[in-house]
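Novice: If you're matching them up, the sequences are chains S and P in order.
Read left to right, the first sequence gives residues 1 to 412 (our numbering).
Read left to right, the second sequence gives residues 1 to 429 (our numbering).
Incorrect hints may have been included.
[Said to hold, decoys possible] With a straight-line cut-off of 16 Å between C-alpha atoms, the simulated EDC-like cross-links for lysine to aspartate or glutamate are:
(1) S:K149 to S:E404
(2) S:K59 to P:D6
(3) S:K121 to P:E294
Don't read these hints as lab results, they were simulated from the structure.
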Amino acid sequence: MIEFEKFVLDNGLTLIVHKDKNTPIVSVNTLYKVGARDESPDKTGFAHLFEHLMFSGSKNIADFDGPLQRAGGQNNAFTNNDFTNYYVTLPKENLDTALWLESDRMLDLGFSPEGLEVQRKVVIEEFTQRYLNQPYGDLWLSLRPMAYKVHPYQWATIGKSIAHIEEATMEDVKRFYSRYYSPSNAILTIAGDLDPDFILDRVNRWYGDIPSGNGSASNYPGEVIDSKNECEILKRDVPQRALHMAWLMSDRKDEDYYKFDLLSDVLGNGKSSRLYYKLVTEREIFTQVSAFITGSIDQGLFVVSGMLSEGVEHQEAREAILLELKNLADEPPTQRELTKVKNKVLAQKALSETGALSKAMNLSYYEMLGDVSAINHFQEGYQKVSAEDVQLMAKQLRKRGIKELRYERQNG
Amino acid sequence: MSAKMDRTIAPRIEKVRELSIPSQKPFDHIHGAPVFVVEDETEELTKIELVFPAGTGEESLPLLATSTSSMLTEGAGDFSSHEISEIKDFYGAKIQAGVGKDMASITLVCLKAHLIHMVPLLTAVIQSPNFPEKEFESYKRRTKAQLKVNLERVEIICRLAFSKQFFGESKYAERYSPDDFDKIGLDDLKAFHAEKYRLNVAKIFISGASVSEALLLLKQNLKANNSLVHTQPIGDFNPARKTNFVKKEGALQSAIRVGFPGISRHHEDYPAFYIANTILGGYFGSRLMQNIREEKGYTYGIGSSINQLKDLAYVVISTQVGTEHTSPTLKEILHEVNQLRMEAVTTEEMDLVKNYTAGSLLRNFDGTFNRASLLKTMLIHELPESYYPEFLKKIYTVSAEDILKVAQKYFDPDKFTVAIVGDSFTDND
Numbered sequence: 001m002i003e004f005e006k007f008v009l010d011n012g013l014t015l016i017v018h019k020d021k022n023t024p025i026v027s028v029n030t031l032y033k034v035g036a037r038d039e040s041p042d043k044t045g046f047a048h049l050f051e052h053l054m055f056s057g058s059k060n061i062a063d064f065d066g067p068l069q070r071a072g073g074q075n076n077a078f079t080n081n082d083f084t085n086y087y088v089t090l091p092k093e094n095l096d097t098a099l100w101l102e103s104d105r106m107l108d109l110g111f112s113p114e115g116l117e118v119q120r121k122v123v124i125e126e127f128t129q130r131y132l133n134q135p136y137g138d139l140w141l142s143l144r145p146m147a148y149k150v151h152p153y154q155w156a157t158i159g160k161s162i163a164h165i166e167e168a169t170m171e172d173v174k175r176f177y178s179r180y181y182s183p184s185n186a187i188l189t190i191a192g193d194l195d196p197d198f199i200l201d202r203v204n205r206w207y208g209d210i211p212s213g214n215g216s217a218s219n220y221p222g223e224v225i226d227s228k229n230e231c232e233i234l235k236r237d238v239p240q241r242a243l244h245m246a247w248l249m250s251d252r253k254d255e256d257y258y259k260f261d262l263l264s265d266v267l268g269n270g271k272s273s274r275l276y277y278k279l280v281t282e283r284e285i286f287t288q289v290s291a292f293i294t295g296s297i298d299q300g301l302f303v304v305s306g307m308l309s310e311g312v313e314h315q316e317a318r319e320a321i322l323l324e325l326k327n328l329a330d331e332p333p334t335q336r337e338l339t340k341v342k343n344k345v346l347a348q349k350a351l352s353e354t355g356a357l358s359k360a361m362n363l364s365y366y367e368m369l370g371d372v373s374a375i376n377h378f379q380e381g382y383q384k385v386s387a388e389d390v391q392l393m394a395k396q397l398r399k400r401g402i403k404e405l406r407y408e409r410q411n412g
Numbered sequence: 001m002s003a004k005m006d007r008t009i010a011p012r013i014e015k016v017r018e019l020s021i022p023s024q025k026p027f028d029h030i031h032g033a034p035v036f037v038v039e040d041e042t043e044e045l046t047k048i049e050l051v052f053p054a055g056t057g058e059e060s061l062p063l064l065a066t067s068t069s070s071m072l073t074e075g076a077g078d079f080s081s082h083e084i085s086e087i088k089d090f091y092g093a094k095i096q097a098g099v100g101k102d103m104a105s106i107t108l109v110c111l112k113a114h115l116i117h118m119v120p121l122l123t124a125v126i127q128s129p130n131f132p133e134k135e136f137e138s139y140k141r142r143t144k145a146q147l148k149v150n151l152e153r154v155e156i157i158c159r160l161a162f163s164k165q166f167f168g169e170s171k172y173a174e175r176y177s178p179d180d181f182d183k184i185g186l187d188d189l190k191a192f193h194a195e196k197y198r199l200n201v202a203k204i205f206i207s208g209a210s211v212s213e214a215l216l217l218l219k220q221n222l223k224a225n226n227s228l229v230h231t232q233p234i235g236d237f238n239p240a241r242k243t244n245f246v247k248k249e250g251a252l253q254s255a256i257r258v259g260f261p262g263i264s265r266h267h268e269d270y271p272a273f274y275i276a277n278t279i280l281g282g283y284f285g286s287r288l289m290q291n292i293r294e295e296k297g298y299t300y301g302i303g304s305s306i307n308q309l310k311d312l313a314y315v316v317i318s319t320q321v322g323t324e325h326t327s328p329t330l331k332e333i334l335h336e337v338n339q340l341r342m343e344a345v346t347t348e349e350m351d352l353v354k355n356y357t358a359g360s361l362l363r364n365f366d367g368t369f370n371r372a373s374l375l376k377t378m379l380i381h382e383l384p385e386s387y388y389p390e391f392l393k394k395i396y397t398v399s400a401e402d403i404l405k406v407a408q409k410y411f412d413p414d415k416f417t418v419a420i421v422g423d424s425f426t427d428n429d
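Extracted from the complex, chain P is given alone in its bound form:
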């Protein structure tokens, strides 16, 4: 055995210096849609993702965006709903539709050898959905039941309550109930699809193995279909700055959400803002986690996250705590926010969080599919290729003074929107 190690001293730490950013130059175009590529021939899988401006913020009726997206695979072109699942399952492939607030995406993941069978199905699903009546009724029946189950969960009720308070009448508010399924018809889905799922507003990402083959197949199967796409204006965004309690009889835990407006990645304060959020609740060692989980044991987990939308950014602190800990937890959240606003962060904590953040950045480069996902984020949020390398440099220059400034400017309890859902809550303060 080699020389004995001194276990009482931490090994020397290397800083993260370089990030190798995937190219933002389109590899090709298909009928106006730029195609971006992260190739890796050592992979067994190929992933194709098409992104459209068809998120929930773009819908004119509640549940329209998600219903349209889910119905794409319920019959398209010559394929019936059953044939689509049958072919997909036969090749062990995945075609997944996902909907965010701004964007909707459709992703195919399959073994590279199966591309030839799967791409025609993918393009039919995207461009020629049939929206059949019977399948739509079945979809509504199933999803309504699922929604009713979800609405029994305090974290979901809280998410909706928070959204209503915070986003108000703006396009980003999540306002839906099971009854809303009865208010949308197939014509609404068809119109939404016809306007939003168009190649001239799409972005295409291909990653993993056999990229050229995937590209060729897409070119052979996608048809030109342009439309004039209007994105919705944000609407009346004026968060209700108050605490709202929703009673859920018999709940053993309360769900809590505390939110406030944030800033975009393009803002000059962003690096300090990002670090401030990390210190508060952005990682396991964060102050909220240490105080409320690791010291008090009020919760299994608590976190604070920055959410970036096309037209606005916001921060949400969320947790679930035992009913009796509800009020004390709110008090501790406020305490930690005020600490961040009043007291300079120590050099030790600053160093730790900077290094941690750099390591997290590096994690985006872990493997082909993570790199493709980073590239997607950069292109959707219009971040230049230099963005992450510069962000890395800026992180290391953020000072404790900068943190105080951004905390005082943005982490302002007077601007907090608070939603609590549980069996009982008494505001002692």
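Isolated chain S, as found in the complex:
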């Protein structure tokens, strides 16, 4: 149970405050409701590149990091397909410094051309380091366009290609900023040992005069679920074959979301799960295997990923996975399995909420989904799920097309 207070400023900025007496640090988390899905297909990777530019100075402050570090603070940010999240932690006595910096870059950015040039290079190195110079690093660059034909989830947050990063212009930066970076499109969450009324007053002072902005309703075309299988083979210089299978599932707000999540846990979360026990421990087809869901706001993916044992062919590995899925479609999971995965969801939530910053991030996330109070009721969606519901999801998946990606060794 996380206690919080929620306020909405006149300009539309949502403020959530969590009082945490157990820390000398205050966490300031700012979530902007914009992610890679809001990019146009010919300018991908932009939301993330833009995140880097948020540190290159704002209207009244030449540099974001310096003044924050001087106040004993640290910060970072991440972008995903749905949203962009910035966070600052610093000694609670210096809250004003964080609010000053965050509110100024919400008011207006510096738009420094040098900043754009350097961050373009930094992001290209990030692209290379994380996606191109790692074994299997290009997985999502290849799998996304197979799974999504019309929805903007078809590209990864880093972008479709380095060329898109190279082509971004200052004009694009400005347009993106004015469309998405405004109070009405942001959720500010503050967690620390400070009085909520005090925080509200400080936030009003720093953010109150920022113009509201237009908000940004996003509505993207849904994928048509069909039964068409697709398979792509990537020949790479990798030591081991790998197999990834993806199916379209529901969106985050659908009740089926919880059912698919539990199905993925029964199938492939942890060493006691069916896929691991049967296919790694007993049959030794894989050296690693897991099932998970992507958890995106719009239609997500249900994914099974495995690393093949030496000498095992892709066809055999694929059939072994499909057999386990079939078993769950034929017969529901046992009560013990169902209790296990529900327990796990509860424990994982508690584990994800140690420390004020993670609480602040989770509060922002639930508010973005539509209602912050859901953070204390999230388990209800899971409790309702029956063994037959899980079985039904397995049945549904079996009728849906499989998007399959095989890594094959380049040299035999």
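We have chain S already, so just place chain P on it with the hints.
Specialist: Leaving out everything else, chain P in the frame of chain S:
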């Protein structure tokens, strides 16, 4: 709305004055192992950690320490490997084994209500592992495959290349290859476990909720098992002071590691040494990060860290850069080190780094589990309760002159060990 704020002026900054250090007095003892406690009834979770002198520095064969640690959960007492994962997963609990160069630790994290089910499993794993044959073969097969994948990554190849050059024949060198799995047997694991995982050399940390219950359960389930533990001597530590290039065909980026010996937290130069490292590469605003990422755009990240081992300390600067930036990056690293040795740091930069460092110290007190982790560091490195409050005070008194002195004394390019792994590298200088 209230009075308008002046956005052109930075708000006043408060200095960090106080740190509330958790008590180092053992709360209790179990068969010779001191138990330290950081209690917080508002938490839903309980964490129990046992630390043993069973790190990689103590192993007689490559991969022995990590194999022993990983095999603990593959069958213990009456529990089979599958039962261990089944029970663990059923309660959504974590039992994690971790291995460092000096120490190995086993940690249980679970909802407080599940302690009664999880503690007996934890103690069986620690004290009565069965090391079954079939599971060991499976472990080797899986881990070998994983290692082969890791050895395709430039940062891992570089880590090993650096370790070989820097640690040489000393006990801290990381020397292993996938074939080493074929050279260790179950008897080696059993002997290593029997000698190192003993309560008379362990430390126990309990944090979060239901501490008393956790303690009682541990007392009921842990059996006395003392042994005479010898820790290995450090061996021949004589870093190769040269640049070594390892070719990785087709790599798009080079991994770079630059390292040199450092000093321990007990050394009188340590506060200035710590600040000097922070200025060079210890935070986002550091000179290396500003120059090589934020001005030149050669990398996604670069950093310099101080590593404290039981018998020695060392500094490593590490990064990954586009192949064509390899040589220029090395040049810039040297440039920044020389700047630190030659030119006094401005008051502005000194103030910023001191405040930043104080804030980072304070971050160790952020929540119960961070405080427990700080307590562990202090006890393992034998730092007195007064250590951090005094360190905080000393930080504020470090002068630009002190930085020059420590930079000249310790940050010496003639003592650098450099490892580079990538597709190509030409040393222009």
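Novice: All the hints need checking, so say for each whether the structure fits it.
Specialist: Against the structure, the hints:
1. S:K149 to S:E404: holds, 15 Å
2. S:K59 to P:D6: Status holds; Cα separation ~12 Å.
3. S:K121 to P:E294: holds, 9 Å
In the structure shown, no violation is registered for any of the earlier numbered hints.
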